[in-house]
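**Q** Residue numbering for the sequence shown follows our numbering, beginning at 1 and increasing consecutively.
Pairs of lysine to any residue residues, derived as SDA-like cross-links and limited to a Cα-Cα distance of at most 25 Å, are as follows:
hint, residue 1, residue 2
1, K78, S66
2, K78, L63
3, K89, Y79
4, K78, L25
5, K89, E77
6, K55, Y44
7, K24, S74
8, K80, F67
9, K80, R26
10, K24, L36
11, K78, I39
12, K55, L14
13, K81, R26
14, K55, T42
15, K24, L38
16, K24, Q84
17, K80, G70
18, K80, M15
19, K91, N27
20, K78, F20
21, K80, N27
22, K89, L25
23, K80, I33
24, K24, I10
25, K89, P28
26, K80, L36
27, K24, K81
28, K78, I37
29, K80, M29
30, K80, I13
31, K55, I10
32, K78, D88
33, K80, G32
34, K80, V17
35, K24, A12
Hint data in this document are derived by calculation from the structure and do not stem from the laboratory.
Treat the numbers as computed from the prediction; the structure is a model and nothing was measured.
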Amino acid sequence: MIDMVIGLSIAAILMAVEYFLSAKLRNPMWGGIIPLILIVGTIYIFASSLIQPSKNSLFPFILLISFMLGDWISGREKYKKNQQRELDKMKAKDIEN
1 MIDMVIGLSI
11 AAILMAVEYF
21 LSAKLRNPMW
31 GGIIPLILIV
41 GTIYIFASSL
51 IQPSKNSLFP
61 FILLISFMLG
71 DWISGREKYK
81 KNQQRELDKM
91 KAKDIEN
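Produce the entire structure from the sequences given, and follow the hints as far as they go.
**A** Below, the structure is given as structure tokens:
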């Protein structure tokens, strides 16, 4: 049970960092670092037979990677919306002057 709590805590921290990297930084590649590390790590774990690939052992890895990629996509969308909002404010200010 404690292993599950620790794993979920680490996943939550990684997701928060992932969202921050993808939503706040200008370059979209920063947000792709954590999903890339997770994909490479998953391939290494299963290729080196640290964990035997089965439906029960593969599912958590796929779930975590898909959540991370989802965070990356939603963070980039938020970044683009924030930039568009800033451009709209600048245009409105230019029109006023």
